[in-house]
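Q: Sequence:
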Amino acid sequence: MAKEEVRKQFRLADLLRTEISELATHDLIPGERALAERFGTSRVTIRQALALLQDDGLIYTVHGAGSFVAPPRVVKQMKLLSFTQEMKQKGLKPSTKLISAQLIEDDEKAVDEFIVVSEPAYRIERLRLGNLEPLSLEITYINQTIAPNLLDHDLTKSLYHILESKYGQEVFSADEHLTPIIVDKEIAKIMNIPVGSAAIRIQRTGYNVRGEEIERSISIRQGNRWDFKYSIRI
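Reading the sequence shown from the start, the letters are residues 51 to 284 in the working numbering.
I should point out that these hints are in silico values taken from the structure, not numbers from a laboratory. Incorrect hints may appear among the rest.
Think about it this way: if two alpha-carbon atoms lie no more than 27 Å apart in a straight line, the pair counts; the simulated DSS-like pairs of lysine-lysine are [said to hold, decoys possible]:
no., residue 1, residue 2
1, K138, K216
2, K239, K147
3, K143, K216
Distance windows between CB atoms, simulated [what the hints assert, rightly or not]:
no., residue 1, residue 2, range
4, K143, G114, 29 to 35 Å
5, N181, K235, 24 to 30 Å
6, E87, H211, 50 to 56 Å
7, E87, I231, 37 to 43 Å
8, P230, S71, 25 to 31 Å
Note that CB positions come from ideal geometry on N, CA and C, so glycine has one too.
Working from the sequences, and respecting the hints, build out all of it.
A: Here it is in structure tokens:
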């Protein structure tokens with residue numbers, strides 16, 4: 051592809067990016083033909099410019115309907131925050147759908163890798179939403195000795211707040227392991243996204259101020275709705 055053609059695509063993408071910033075989420079973007087006529091270029095060039103915007107998560111395409119303004123991405127700064135805190139920082143209204151909550155006995159095996167249940171533990175599966183849009187599927191394990199009768203509390207609320215306010219267990223630090231994945235049929239159905247969508251799997255082990263393990267969790271987060279921001283000092 052000629053360098054001039056590539057430069058043209060990026061210039062068009064920049065122009066469209068500015069216009070999109072003035073539109074509302076889910077607004078319809080003019081079609082390829084209309085944009086080609088407006089900018090005096092080919093539909094192929096327009097298509098490539100739109101692809102750049104889609105790669106940046108600024109637009110999404112619905113087959114047979116056109117391209118639309120994508121919801122803003124959630125920037126996850128790599129510091130210890132609960133999902134509720136993350137949503138509130140970004141101006142999104144957090145909510146939670148409780149899928150299941152149960153006590154797993156020590157003679158049962160958790161089916162999730164990374165999780166080893168050697169004593170009675172609570173297994174809590176929840177769908178986390180921002181402005182009613184599914185953003186994260188979370189499975190959390192907490193030992194029964196850490197939080198007796200945990201299932202008696204409203205588990206649609208922040209687990210970190212419950213642990214701190216009801217049991218005096220503050221998650222002071224955590225280890226996280228991030229892995230890119232492709233969602234399967236089961237996860238896609240729960241999160242209302244297409245099978246094969248890109249996602250990020252986050253394994254977290256949370257500790258209290260004494261370094262004692264409080265919780266282990268697995269989060270599946272939509273790949274096109276999150277950015278991860280790091281600050282590294284040497």
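Q: Could you run down the list of hints and mark each one as holding or not?
A: Okay, the hints, checked on the actual structure:
no.	hint	result
1	K138 to K216	22 Å, holds
2	K239 to K147	14 Å, holds
3	K143 to K216	24 Å, holds
4	K143 to G114: 29 to 35 Å	31 Å, holds
5	N181 to K235: 24 to 30 Å	26 Å, holds
6	E87 to H211: 50 to 56 Å	55 Å, holds
7	E87 to I231: 37 to 43 Å	41 Å, holds
8	P230 to S71: 25 to 31 Å	28 Å, holds
Against the hints set out earlier in the document, no violation occurs for any number.
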